[in-house]
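Those sequence lines, one after another, are chains P and W.
For the working numbering, count along the first sequence from 1 and bump the result up by 721.
For the working numbering, count along the second sequence from 1 and bump the result up by 1.
Quick caveat, the hints were computed from the structure, so don't treat them as lab data.
All C-beta atoms in this analysis are idealised placements derived from N, C-alpha and C, irrespective of residue type, glycine included.
Do not rely on the hints blindly, as some may be mistaken.
[Said to hold, decoys possible] Pairwise CB distance ranges (calculated):
(1) D1046/P / I60/W: 34 to 44 Å
(2) S462/W / G757/P: 18 to 28 Å
(3) E423/W / D885/P: 50 to 60 Å
(4) D73/W / R849/P: 53 to 63 Å
(5) K953/P / D264/W: 55 to 65 Å
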Amino acid sequence: MSYIRKPKFQHPDLQTNDLGFTRRDYEGTLTTLCGGCGHDSISAAIIQAAAEMSLEPHRVAKISGIGCSSKIPSYFLSKSHGFNSVHGRMPSVATGANLANKNLHYVGISGDGDSASIGLGQFCHIVRRRINMLYIVANNGTYGLTKGQLSATADLGSKTKAGDESLYDNIDMATLAIELGASFVARSFSGDKQQLIPLIQAGLTHKGFAFIDVVSPCVTFNNTDFSTHGYKNTWENYVSLGQIDFVPMQKEITTSYAAGKDKEITLHDGSVIHLHKAGKNYDPSNKENAIHHINTHKKNGEIATGLLYINQSTSDFHELQDTVDKSFNELSFHDLCPGNESLQDINHTFK
Amino acid sequence: MPELVTTTKVNTLPKTNDFVIKFANVNGSGSASSNNMFAKAIFRMGIPVSPHNIFPSNIQGLPTWYEVRVSDNNYLGRREGVDLMVAMNEQTIESDINSVVSGGFALYDSSKPLSDKLIRSDIHYLPIPLKDICLAEFEKPSQRQLFKNIVYVGALAALINIDFKVLTDMVSDQFRGKEKLILPNIHALELGHQYASENFKCPLPLELEKRNLTLDKILMDGNTAIGLGCVYGGATVASWYPLTPSTSVVDAFDKYCKRLRRDPGSGKNKFSVVQAEDELAAIGMAIGAGWNGARAFTASSGPGVSLMQEFLGLAYFSEVPVVLFNIQRVGPSTGMPTRTQQGDLLTCAYASHGDTKQILLFPSTPKECFEFAADSFDIADRLQTPVIVLSDLELGMNEQICDHLDWDDQRRYDRGKVLNEEQLSEIENYGRYQDVDGDGIPYRTYPGTHANKGSYFTRGSSHDVNAAYTENGDTYAEIMDRISLKFKTALDYIPKPEISSSSTHKRGLIYLGTTTSAIQETLDKLQKKGISLDTMRLKAFPFHDCVREFINDHELVYVIEQNRDAQLKSLLKIECNANEEQMLSILSYNGVLITAQQIEHTILDSLSPSERTEEESA
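Okay, chain P solo, but in the shape it has when bound (with noise of 0.2 Å):
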């Protein structure tokens, strides 16, 4: 871990995307994690993902809660306006932030604590409000700044560092989210970019809630070979759905596929979802489906991963609220006050 400042060089041919940006310019400040935390391959899979998908940064807004997981924000788009908040209740501010301004891209970054145990209420409530965002959770089963308390995601019989053993059930946050109605719910592994990198960008594009529960292991206090969001059992119990590559609107052109190699899911903007392999004859619009997928694979001691479900067919939010076109923010006084004489046919019907 390190406080010092981030140098600002940069090597001078570093490739520039579409925008004329580098990968430093979608950077944030060094991390304070511990080294090796999954929480920083999260940062830089984010960074990777907007990099290449030419997201503007200052038109992301990244909100997170309390804990070592809602550091990861400053740790990413640092052009990017930030807001760590209050334990277990960033699902609250996104959802204020969104309604103030439905034209940006929001990311909001929580962990297992912050999203399973203490803001596990916000959290069931902003999926059913279907809050047009991509909510992301660090999830490693324990509390790493109180030093190691098990979470609620933590599995039955899972030990820590410690070696207390988890005694309950744990709550699947993946499973939550598809019951609750969210309309894009993937599952992920901090050492597994090449999925989650599409993931991100899939999960940004995607009109309406999108969720991505990241096993992301905490070295500290739960990498042990008996806890199951250590990196051990994740990789020995991984069940991925498969290469997936995001295609975005614009590059469509320039990239082919064979035809009948794998599936095509085509997001509202145009862009492409591809899967190949295993998540070809898997069906992510079914529910139902989704959720037996992922029990099924838990009942083995496997943690099914990919892009679990997806329903592009949702309204979302600002839809449900019929909110006009121009944001909230960007309103103007004309807009707003309806002025004097509709105040006196008010006053008239208190008389």
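We have chain P already, so just place chain W on it with the hints.
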């Protein structure tokens, strides 16, 4: 023909436009609308009137009262003692009849005989067979029940001389679009009127006389006024969790937004009302929206405000504007959810852990509710901090006479120090928490403003002037000191107290909010006894210097408030370094509005006989 039961020859002094009528009903029996009609009719006759709902936390069955004071002197507070009781609730009839003043009247449903123990020799009875009348006249069971309430209003019209046309016009107004309901309602009014006229000597010595004292006035409740004020103040996001007595704030906002805030072209909404899962989420959403540049608020009461504490600290420390309307009710805990109190002063003034301070506004009339609601968004934006508007159940949920609402069309919103893209381009080094102007207020930016300037990381953890995380104690202290300075600047933006003083008066009154309704009456009563007092009505916290000066300028100030622990007095001690010996508390915390009699008695009791003489000679 039943006689007016006068078992005694108690002399009833005639009272014109100066009496209290109380309705004792069963909750859920449909009495609210008829009782409101009664009060509004008096208002429309140009006579000052103040209705007070005393209702249970219940949907159906528990007792509820509606107390209407009529006063030519414009005394709109409560007055103890009932001149005419409309005793419609068998559960409470004994205590209701006992609360009638000697020489007063009790109207009751004589379809069943009155028990002997309810016969008092010093009051007059007005028996009306309401149930029998309705049974004979109406077929539907629901109408038989509901119209009992209308029949007694009709009877009262004859008994105390309400202009009958005012009543029938109101019925027509109320049921516009539902014409079928107009005739039976008017018929019910006529039945009552006819019965009273034929059976009693009308009018009673309690009589209404038309005036023109309410011409420019409106009759409105504070919560409606707040909801409307939020529309005028430019709020676009209301996130809330239902909680009595704050619920009608958001109901009103929603209602007026649907009327006034829909885009004429597309019909789409320029507002959003979100019913949150709890009060934590409610204020979290408002803070998220405020951070992102929308004007946002939440409305709640004690239990909800307790839940919001952590978020209020975040908004204080990370300097995010947000508005919270706290419609206070009786605490602690669930307390008495449908009774009034000023019990959240301390918990709001320093809401959240650590060194915090919050801006408080204290409206006292519906007009001020409207104005302070609209102003609160300017203040929150200007100071980049939460503003808590402290109303209470009494003001929020009761209709009250006040001046009509006005809006200055020249006025523009003060969005405070927000940098746009162009301004950011011209700035070399932007720091979110830099005190560029020396007034303690830094410059903010909204997300998405500029491609490579002005972004920052908002956090509730300790930060430096550039919003970067720090554990450096000196840096932390500098930020905390700068926020203190901001609260000094706040005094330029929050309303000053209303002071009425004369250099000859040695004593003064300090009060705020709904206590105001009893003050003029108190002063007049004391004046008659030769006692004159200066007054100071507080409108905001933190306090201006003149508050301390007012206390220092008097030998004694009475601090009047509606809670047990003298919270306002504590605040004055803490913030103004006021001397304990110079302040005397007048407290009321039984859940109903403080009265002039209570205040007068405490003041008189505090004066020794020699002091009284001294005051009188002064």
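For each hint, the structure was consulted:
1. At about 41 Å, the beta-carbon gap between D1046/P and I60/W stays in the expected band of 34 to 44 Å.
2. At about 24 Å, the CB distance of S462/W to G757/P agrees with the hint of 18 to 28 Å.
3. Between E423/W and D885/P the C-beta distance comes to about 56 Å, which sits within the given range of 50 to 60 Å.
4. For the pair D73/W and R849/P, the supplied restraint of 53 to 63 Å holds, since their beta-carbon distance comes to about 55 Å.
5. Roughly 57 Å separates the CB atoms of K953/P and D264/W, a value that falls within the hinted 55 to 65 Å.
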